[in-house]
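Peer 1: What follows is each chain in one-letter form.
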Amino acid sequence: GDTAADAVSTCHGQTLNIGASTAANLQYSAAYVADKKGYLKEEKINAKTVELGGGSETLQALAGGSIDAAATTFAAVVTAVNKGAPLVAIASTANRNTADIGIRSDKAPAAGADLETAIRALKGLRVAVTSPGSGSDQTLRYLVKSSGLDPDKDLSIVATGGASETVAAFARGSVDAFVIGPPASYIAAEQGDGEVALKLASGVAPSLDNLLYGTIVTSERTLAEKRNPLRCYVRAIDKAVRYIHDHPAEAGDLLRPQFEGQMSDRQFALSWTSIVQSTPASAAIVPAEALKAAKFVEVVTGAGRIDAEKAYDTTFTKDLT
Amino acid sequence: MNVMAVGADSERRTDHPLIEFDHVGMIYQGARQSFVAVDDLAVAVPRGQFCCVVGPSGCGKSTLLNMVAGLLEPSRGTVRYDGAPVQGPNTRVGYVTQKDNLLPWRSVRRNVGLPLELRGVGKRERAERVDQMLDLVGLAGFGDAYPRELSGGMRKRVTLARTLVYEPEVILADEPFGALDSQLRTVLQDQLVRIWERTRATVVFITHDLGEAVALGDRVVVMSSRPSRVVLDRTIDIPRPRDVFSVRFDPRFAALHEELWAALSPEIEGRGRA
Amino acid sequence: MNVMAVGADSERRTDHPLIEFDHVGMIYQGARQSFVAVDDLAVAVPRGQFCCVVGPSGCGKSTLLNMVAGLLEPSRGTVRYDGAPVQGPNTRVGYVTQKDNLLPWRSVRRNVGLPLELRGVGKRERAERVDQMLDLVGLAGFGDAYPRELSGGMRKRVTLARTLVYEPEVILADEPFGALDSQLRTVLQDQLVRIWERTRATVVFITHDLGEAVALGDRVVVMSSRPSRVVLDRTIDIPRPRDVFSVRFDPRFAALHEELWAALSPEIEGRGRA
Amino acid sequence: MSVIAGPMEAEAAMPAEALEADGRERRLRSRRYRIVVITTRVLLVAAVLGFWQAGSGTIINPFWVSSPSRIVARLATWLGDGTLWANTVATLTAMALGFTLGSLAGVVVGFTLGRVRFLADVLTPFVIAVNSLPKLALAPLFILWFGIGLQGKVVMTSLVCFFLVFYNTFAGARDTDDELLGVVSLMGAGRRDRLIKVIIPSSATWIFTGLRLAVPYSLVGAVVSEITASSEGLGHLLKTSANTFDTAGSFAAIVVLVVVALVINIAVSKAEGLISRWK
Amino acid sequence: MSVIAGPMEAEAAMPAEALEADGRERRLRSRRYRIVVITTRVLLVAAVLGFWQAGSGTIINPFWVSSPSRIVARLATWLGDGTLWANTVATLTAMALGFTLGSLAGVVVGFTLGRVRFLADVLTPFVIAVNSLPKLALAPLFILWFGIGLQGKVVMTSLVCFFLVFYNTFAGARDTDDELLGVVSLMGAGRRDRLIKVIIPSSATWIFTGLRLAVPYSLVGAVVSEITASSEGLGHLLKTSANTFDTAGSFAAIVVLVVVALVINIAVSKAEGLISRWK
Ligand SMILES: Nc1ncnc2c1ncn2[C@@H]1O[C@H](COP(=O)(O)OP(=O)(O)OP(=O)(O)O)[C@@H](O)[C@H]1O
Ligand SMILES: Nc1ncnc2c1ncn2[C@@H]1O[C@H](COP(=O)(O)OP(=O)(O)OP(=O)(O)O)[C@@H](O)[C@H]1O
Ligand SMILES: [Mg+2]
Ligand SMILES: [Mg+2]
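Chains as they are written, first to last, in this note's numbering: chain Y, 5 to 325; chain P, 18 to 291; chain G, 18 to 291; chain R, 415 to 693; chain L, 415 to 693.
Heads up, a few of these hints could be off.
To be verified - So these bits of chain G aren't anywhere near chain R, every CB distance computed over 10 Å: (1) His33; (2) Ala86; (3) Pro102; (4) Gln104; (5) Gly111; (6) Thr114; (7) Glu134; (8) Arg136; (9) Gly139; (10) Asp148; (11) Asp152; (12) Arg179; (13) Tyr183; (14) Asp207; (15) Arg217.
Claimed, not checked - Residues from chain R that face chain L, not an exhaustive set, calculated with beta carbons under 8 Å: (16) Ser645; (17) Ala675; (18) Val677.
Said to hold, decoys possible - Reference listing, derived: stretches of chain P covered by chain G, where coverage requires no fewer than 3 residues with Cβ under 8 Å from a Cβ of chain G: (19) 64–73; (20) 88–94; (21) 175–189; (22) 192–199.
To be clear, the hints were calculated from the coordinates, so they are not data collected in a lab. Treat the numbers as computed from the prediction; the structure is a model and nothing was measured. From the three backbone atoms N, C-alpha and C, an ideal C-beta is built for every residue, glycine too.
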C-alpha cells in the first residue's frame, strides 16, 4: 500500500552487508560500477562487502543475518527456496548464462562449431566443474542432457573446488575439459594448452538465453527489517546495470584498473564482452525469465516441479522500468 | 584355634584397637589367573603400639599396609581403623612406602613440605619444620635438589622425612631404612624411637632386619609366605626407654632374635637351594 | 700418599686390571649449583675378583658403577675397562641396578629372557635357562606375572635373575639383596658365591651390610662421604670356598667386621644426632 | 586388649571357592557397570534425537537442520540405490591409505627425531612451518602436483595424520626412561633392539593417543579433499547436498562419517587394550 | 697387581677450580652446538630458497610457485601500505582467543574425563563423533550460528584446538601414577589438591605436546574460517590472492603464517622448559 512512499524514500547512510565471492570474477560488475560511478553515494547507502566461499555459505550467511544481500545465481535461489529457505531475489544483474566451456586442443571441435557438436565433443571426457551442484555443474548437466547424453554415464564430471583449482586441474591434465566463467576459462586454456570452445554469453545456447541468471538476493528477515536500505541499494544497482548496458566501453574502462595484474588485457576484454552480452537493460526481474530459470533447474535436478514465484519479488524493481 | 591375647597399653580408648584386620583376605586378579596373597588374617594393633612386621619377600606385608592406608580394598573381611571400616584413603595415617613415591617435579624441600602445605601450615612454620626434618635425616643442604638428583638412599630418607614432618597419628613404614648404610640406619632408628616416644604415635613397621624389629618394636608379628598367615606374634619385653645403640647387647635381644629366626626359617627353608 | 698394593689373582692377563678408575672425579651440575660427588678416585679391580664396596648413603657408589657400565661419563680422569677407556654402554658387564629397571610391558619370563634374546639365544634354550634362574631366585610360578604384580623384593630378584642368566664377564650389583628378608638373602648370597666360583666372573658388589661384604668379598673398599674417597681398602683373607651360612662364625669375621665398622664410623658420626 | 587370630582350619579350603565367588562378583559388577554406561549413552542420544525431531518444524526451520526422520529416510534411500556404499568405500579407501601412510611416517619420523637430538633441533622449525600451512589454501598446488583422484586425497589425508602422530611419537620417544635404555644397552641391545624392545613399547600410550587423534582427522582430511575436489566419496555427497540445499542429505552423510569414526576408534582402542595388558 | 690411590693432597683445592673449568667447557660446548644447529638450519633454508629462485621461470612455471624475490617484494609492499599489519592482527586476534579458549576447555574437560571414569566411558563416543565432523562442511552452519565476524572464527579455532589438547590432556591424566595419587591423598589432599599438585604437573609433558600440536592447527583454523567467509585476515588475503591467481600474494601470506607459527611455538617451548626444569 505504501509503494508511493517507498518510491520517494531516501536512505541516510545506512549500512548493508553485501556478500560476494572472492573470485576474480566480473560477475559482480554491477556492484563495482555502482560503487565506482558513485551510485551508492547518490542513494546514500553504505554497502560493505563480505567475501564468502560459495553459494551455500552465502545463503547461510544471509539466513543467519551476517549479510543483508548478496549476488548469486537465480538457479541457486530458486533451488533453496523450494527447499524452504527464507530467501528472495530482488533484482536481476544478468539474463544470460555466462559460463564458458573449454576443452583440450586435441579434443576440441573445429572453430565455430555449433552447440550440439561442441557438447558431443565432451563425450567420454573428464570435465571439471567447480563444485557438485554449483552453477557450472548444473549448466554442464543441462547442456549434456539437452543434447541427448547422460551426464552421469557419457562423461565424467569432476568437481575441483574453485576457479584456481580448475585451472590447476586442467594444467596438470587431470581433466580434459572444464565449465567455468571468464576470466578463469581463458587462464585455464592458456595454462593447460586448450581453448575456449563455447561461450554461452554469446548466445549460442538459446535455451540458456533470456533467463534470469544473476540476481541480488536477500533474506525475508532483511526484507522485513531493512526494506528501505534495500530499496536504495537496488536503485543503485539498477543504475549500474543500465550504465553497463548503455555504455559498455566506458564501463569496461572504469573497471579495468580493478583487475590490473589479475588478467591480461586480452583476458579482460574477452571477459568483459561476456558480461556486456549478459547484462539486461535494467535490473528489473522479468517473470518470464524467472520461469525459464526454474525450468532449467527442473531439467537439471529432475526432481519435479520447481516453483519460481516464491523465489523473487518484483516490488523493488517494478517502478524502475 | 590360635587366638592370642597381647597385653598392650591402649592409653586413650580401650574399647577397640586402633587398627584391626578382621579376617582379611586378599586375592589378586592376575593377567592369567588370580591368586591368594593374604588368607584370612586377623591381627589388631592397639593405639600407641610400635608393631614390627617381618616375613618373607612377597608374602603380603606391603599389601597389609596398603589396606590400612585405604589404598587397597580387601577381597574378604574388613580392615577397621579406630572402630570404623577403612573406606578410601585414610588421611589419619602417614605412610612411608616401599618405593619412594616422591613428586619428581618438586624439590626436596617442597616434597617434604607437601603434607604441611596440604594441612594449611603457614609458610614460615613450614620452612622451619622442613629444615629441621631434613637436618634429622642428614639431608641438610639438599633442600633445593630435585629427586632425580638424589641417590637411592637419599630418596628414601626424603620419603621418611615427608611422613615424620607432620606427625601423623599412625606411621606405616615399609622398610624405611632398607637402603641405608648401617651407621645411618642406627642413627635414624634412634631418631624414630625418640619421635615415637615423644608423640606416642602408633607405628606399623615392616623390616627384613630381625635385629631392627627387636630393637624397635613393642611387638613383632612374623608372617608366613603366601598365602600369608601369622606364624608368630611376640611381645618384645625389653624395657623402655631403649637405646638402639646398646640394645643389641641386652641379654633378651639374642634370645628374641633366635626365636624370631626360628619362626621365620621354615617359611623359606629349601627355597632356592633346591 | 696412600697407594696400596692389593694382591689379587688376575688369572688370564696380568698386564692390566680389568676395571680401573684413574683419578676419576664426578661433578654433578645441579639445578642451582654444581657439586662434587666423587673426588679424584683411583681404584682398580683385577679380573676375577669379588670386590665389595661399602660407604655412607649418597657417597657416590652408584655413580661409580654407572661409570664402569658406561652410562655416565666421569667429569675428570678416565675409567678403563680391560685397558681401554669406557666409552658408551659397556656391553661386557651385567648390571643389577639399585632401582629395579624392569620393562613393565614384559612378563617376568620375558624380562629375564631379554639379555638372552638380545644375544640371539634360541627360544628353547632361553626358556630353559630362564626357568632355571627363576627357580634359583624363588620366583618359579611367577613367570607370567607382569612387574606391576610383584612385590618390591620380587622385582629386585627379577633384576638379579636377568643379570645372572647370561653370565656376563663382570657383574655390577647395587644392593641386590637390600629388599630381601634375611633368610632369602642368605640363600641368594650362597647362590651368588657358587655361581661366581663356577664362572669366575669379576664382581663389584655394593652393600650396606658389612657382614655381607665380609662374607662374600675378596676385598672390601670402604668409601667416605662426599666428596668420596677410599678410606679403607681391605683384602678379606677368609679362605675359599666359603660357606655363607657359617662364615659368620669364622674368627676372622668379627675382627674384619669391627675394622670395617671403625673405618666407616667417623664418616657418619654426629650426623643426624645433633 | 586386642585379639589376634590365625586362619581357622575349617576354612582351609576357602581360596578355591573364594576365587570362584570373587570372579563371579567381579564379572557381575563390571557387566552391571557396562549396562549403566550404555544406558546412559542411549538415553543421551535419544534425548538429543527427540529434541531434534520435536523441534524441527516447530521452533527451528527444517531447512537448516532437517530432522532425524528425514535423515533416516535419506539413509535408507542411499542404502537402497547403492549411493551410500559406493561413496563410503571411496572415502574409506582414501582414509585408510592416508591414515596408514601418514601414521607410519609419523611414527618413523617421530622416533627418529625423538632419539636423534641433532636432527630434531635442526628440523623442528621446518616441521612446524609445514604444519602451519593451511592445506585448504594450497589446494591448487595439491591438485597440480597430485591430481584430483585417490592420490590427491591420500596425500592430503596422510599429511594431516602425519603431524598428529609425529608430535605424539616424538614426545613419547623423548619421554622414554633413559635409565631403562641404558640398562638394556648393557645387555647388548643395539640401536634397533633399543627401538623395538624399549622405545616403541614405552611410547605405546603416546603413539596410541596420536593414532586416536588421527582417526577423526584422517576422516576429516579425506572428506575435506573430497569437498574441495572430487567426483565421489562422502565429502562429494556432502558438498552436493550442501550446494543443492539438501539438508537431510548433508546430515545423512555426516551420520555415516560419525559411524565410521566410531567404528575405527573402537578398533584402535581394542588394539591399544591388547598391547597395554601390562598396565 | 692393581694400584689404589687416594686423593693426592696437593689437589685438595681442586673442586672449586674444576667446577669453574667444567662449567666453562660445558657452556662452550653447548654454544658450539647451537651454532652448528643454527648454521645447518640456515643452510637448509638457503638451499630451498636458492633452488626455488633458480627454478622458478626455468624448470617450474612461476604462475604456480612464484619466486622468493617476488614474494619478498610483495611482503615489502604489504608492509608499506599497512595491509600486512592489519590482516595479521585480525588473524592473530582470532587465533589467540580461539587457542586460549579451546586449549583451556581441552585441559579442563581432559582432566575431568581423565579422572572420572564414568563420565569418560559415557561421553567418549560423543567426543569422537563431534570431532569427526568435517568442520569445513559445517562452515555454512557455523556461519548461520556464529556469523562471519570474530565470533565465528574464534569458535572454529577453539573447536580445532579443543580436541587436540583434550585428547592429550585426557591421556596424561589417565597416565598419572595412581600410587603417587594415593600417597598424596593420605597426606590429606582433596580432589582439588590432587588435581593441582599431582595430576596437572605429572601431565605437563602431555599438555604441552597438545598445546604444541594446537599452535599450528589454531592458526590453520583461523585461516580456514577466514578463507570460507571473512572480510579481513591472513586467510582473506590468501584466498583473495589465490582467487585472483596472484601466487606471490598467496605465498607472502603463507610466509607470514609460518613466521607466526614459529614464534608461538618458541613461546610454548620456553614455557615448557621453565615448567619442566626438574627433568
Ligand atoms: N597388583 C598386583 N597384582 C597381582 N598380584 C600382586 C599385586 N600386588 C602384589 N601382588 C602379589 O601379592 C603378593 C604380596 O605382595 P606384597 O607387595 O604385599 O609383598 P611384600 O610382603 O611387601 O613383599 P616384599 O618384602 O618383597 O616387599 C606378591 O606375591 C605379589 O606377587
Ligand atoms: N643426576 C644427578 N644430578 C645431581 N646430583 C646427583 C645426580 N645423581 C647423583 N647425584 C648426587 O651424587 C651423590 C652420589 O650419588 P650416588 O647415587 O652415587 O650415591 P650412592 O652412594 O649410590 O648412595 P645410596 O647408597 O644412597 O644409593 C649424591 O649426593 C647425589 O645427590
Ligand atoms: Mg613390600
Ligand atoms: Mg646408590
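Peer 1: Taking the hints in turn, state whether each one holds.
Peer 2: Going down the list of hints, with the structure as the test:
Non-interface status of His33 (chain G) relative to chain R is upheld: no Cβ of that chain comes within 10 Å, the nearest being about 22 Å off. Taking the minimum C-beta to C-beta distance to chain R, about 6 Å, the non-interface status of Ala86 (chain G) is violated against the 10 Å cut. No beta-carbon of chain R comes within 10 Å of the beta-carbon of Pro102 (chain G); the shortest separation is about 17 Å. Even its closest Cβ contact with chain R, about 12 Å, leaves Gln104 (chain G) beyond 10 Å, as expected for a residue assigned away from the interface.
Separation of Gly111 (chain G) from chain R is inadequate, the least Cβ-Cβ distance of about 7 Å not exceeding the 10 Å criterion. Look at Thr114 (chain G): its CB is around 6 Å from the nearest CB on chain R, not clear of 10 Å, so calling it non-interface is violated. Residue placement check: Glu134 (chain G) does not keep its beta carbon more than 10 Å from all beta carbons of chain R (closest about 8 Å). The Cβ of Arg136 (chain G) sits about 6 Å from the closest Cβ of chain R, inside the 10 Å cut-off, so the non-interface label is violated.
The Cβ of Gly139 (chain G) lies farther than 10 Å from every Cβ of chain R, with a closest approach of about 16 Å, so its non-interface assignment holds. Annotated as non-interface, Asp148 (chain G) keeps its C-beta farther than 10 Å from every C-beta of chain R; the closest such distance is 19 Å. No beta-carbon of chain R is positioned within 10 Å of the beta-carbon of Asp152 (chain G); the least distance is around 21 Å. Once the 10 Å rule is applied to beta carbons, Arg179 (chain G) is inconsistent with being away from chain R; the minimum gap is 8 Å.
Annotated as non-interface, Tyr183 (chain G) brings its C-beta within 10 Å of a C-beta of chain R; the closest such distance is 7 Å. A cut-off of 10 Å between C-beta atoms confirms that Asp207 (chain G) is not in contact with chain R; the least separation is 25 Å. Residue-level check passed: Arg217 (chain G) sits 20 Å from the nearest beta carbon of chain R, beyond 10 Å. Contact between Ser645 (chain R) and chain L, as hinted, is not supported at the beta carbon level, the nearest pair being about 17 Å apart and thus beyond 8 Å.
The interface hint given for Ala675 (chain R) holds, since its Cβ lies 3 Å from the closest Cβ of chain L, which is under the 8 Å cut-off. A cut of 8 Å between beta carbons decides the hint on Val677 (chain R): the least distance to chain L is about 10 Å, and the hint is violated. Proximity of the stretch 64–73 of chain P to chain G, defined as three or more residues with a beta carbon under 8 Å from a beta carbon of that chain, is established by the 3 residues found. Counting residues of the stretch 88–94 of chain P whose beta carbon lies closer than 8 Å to any beta carbon of chain G gives 0, which falls below the threshold of three, so the coverage claim is violated.
Counting residues of the stretch 175–189 of chain P whose CB falls under 8 Å from any CB of chain G gives 0; the rule of at least 3 is not met. Residue count for the stretch 192–199 of chain P with a Cβ under 8 Å from a Cβ of chain G: 6. That meets the three needed, and the coverage hint holds.
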